[in-house]
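2 protein chains.
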Amino acid sequence: MFEKNPVCQLLNIQYPIIQGGMVWVSGWRLASAVSNAGGLGVIGAGSMTPELLLHHISQCKTATNLPFGVNIPLIYKHSDEFIKICVDENVPVVITSAGNPKTYTNTLKQNGIKVIHVVSSTTFAQKAQEAGVDAIVAEGFEAGGHNGREETTTFVLLPSVVRSVSIPVIAAGGIATGQQMLATFVLGAHGVQIGTRFIATYEASAHENFKKIIIEAKEGDTFLCLKKLVPTRLYKNRLFIQIQELENKGASVSELLEFLGSNKSRLGIFEGDVENGMLEVGQNVSIIDKILSAKEIIDEIITDFKKTYNNLKF
Amino acid sequence: MFEKNPVCQLLNIQYPIIQGGMVWVSGWRLASAVSNAGGLGVIGAGSMTPELLLHHISQCKTATNLPFGVNIPLIYKHSDEFIKICVDENVPVVITSAGNPKTYTNTLKQNGIKVIHVVSSTTFAQKAQEAGVDAIVAEGFEAGGHNGREETTTFVLLPSVVRSVSIPVIAAGGIATGQQMLATFVLGAHGVQIGTRFIATYEASAHENFKKIIIEAKEGDTFLCLKKLVPTRLYKNRLFIQIQELENKGASVSELLEFLGSNKSRLGIFEGDVENGMLEVGQNVSIIDKILSAKEIIDEIITDFKKTYNNLKF
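The listed protein sequences correspond, in order, to chains A and B.
In terms of the numbering used here, the first sequence opens at residue 56 and continues consecutively.
In terms of the numbering used here, the second sequence opens at residue 56 and continues consecutively.
Note that these hints are calculated values from the structure, not bench results.
Backbone N, C-alpha and C fix where the C-beta goes; we use that ideal spot for every residue, glycine too.
Check before you lean on any hint, since a few could be wrong.
Claimed, not checked - Which residues of chain B face chain A? A few of them, derived with a C-beta cut under 7 Å, are: (1) 60; (2) 208; (3) 275; (4) 338.
Kindly produce the complete structure, drawing on both the sequences and the hints.
Written as structure tokens, this is what we have:
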């Protein structure tokens, strides 16, 4: 079905499904499970020290012979070291986000690494293509965690990005089912990046309390906040309500930073304090109702994709 | 192609395309042109007095023999009179929004009028079905003008609404092309409601200055604001920047109301003061680049829909 798919050909994978790199969620267990199931598993470096990233890459190589990736948010202080580790370890794919794609793309490509850059606007997509990346992830407003300032949704962003670049485009934001995956292909996508759904896996390193939130959350339970810092989509827990109260009163950047302190994502996602920690999730959290293995999720998405396609008759 | 489509059968129209009712934009000229082109044209009553609505309905009947509709936002003071006029005039379809669907649905249906209710959440969709409406418009965050509080996008909202009701579901928000229309059908929609694209028509009563904005606007040029009042998606003009500055400082409801004053939509959309007036547009404004007739738009959308469907091969 996907033999000629450009994302599968580029990354040498069976299905054009990339697991989104997620802080405190996607270590080597999840990444290798996704890769072994035919997608591209991705280690989320954003919450790691260089030593820990090296450990996860080593473990991932032991757990799978198939391609996997590392996601590096370029705003983090360890970016230089992360890139060096990926080069030294011959990581097959690096996905960069939240920064300038010019900084590392040449270095990575010269070392035989495929480079994908995440964008939230058509302008950034064109700049990433100019920087020489191999593919684009176009991420809509419905996505979890860090988000674009323009708030363009997948429905509007995706066709525009596809029209504006000649490299493969991977859709992100609002995709958790094969039906949604097919809709992105109608809008011109060549692959999908799925984050939130993979939190609800046995292999994700998220705390059980957070996984429970994922399967119980309902429509409207997430919201984009912290727009004066970095726009971030969070689950509406106690911390979120406190943030919203501050924002409604017109809190400044420094007041917000002082309130947040540090390590709130670790507290919520990894340590399981789901009221006082920061829970980064996408809008699709509402449709996730069970914990499965990464392989079960990928198989279900592909089955659903085929079924939806076969039922589409005019 | 749409002979068995439930929206076409319900409304007795050729194509399952409903033109969104838009204040100061959709009078009898636009509505009758859309209906004559095979869609459902809709008079937007929200900016009218009862006398003016009666005039537009009469003119519309003269200009088309095909079904048309009237959109009534139930928050406006004239709702009771609008409903009475629609009943007296045997208007074929009434689309209600921004209020309780229980209030008028029975009255309208007893008089042989088809009733469609606009919602922004799955919970409201279920309540509208319980109230007895004939179909639902499920409108995502990317839509122009008044918007839901939960900010759920079309990608996430639509499949959930479709799963939760048994009546036909019409997608709105983010749809301006046949490609986007087909994507909504993949997500389970039976029809689409298109607003912003129909502003860029010869028949729309919007001021030429506003139409010029529509064809020149770029990605990221709209934003959802006024969340403390009614969340509203606006074009980013001088008025919007002033609103945003007030909101960033934590302005209260009364401060916002005092700043806005009245008739700002009329000023911008109808009188053409595109810097100081309020311009309600959806995110798709970025892809619209020419003014056409309503018939040209509908023909183009249907051609694009068929082409995208025929090219979708796995």
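Structure-based check of each hint:
A cut of 7 Å between beta carbons decides the hint on residue 60 of chain B: the least distance to chain A is about 9 Å, and the hint is violated. Here the hint on residue 208 of chain B is kept, as its CB sits about 4 Å from the closest CB of chain A, short of 7 Å. Hint status for residue 275 of chain B relative to chain A: holds, with the closest Cβ pair at about 3 Å, below 7 Å. Taking 7 Å as the C-beta cut-off, the interface hint given for residue 338 of chain B holds, the closest approach to chain A being about 4 Å.
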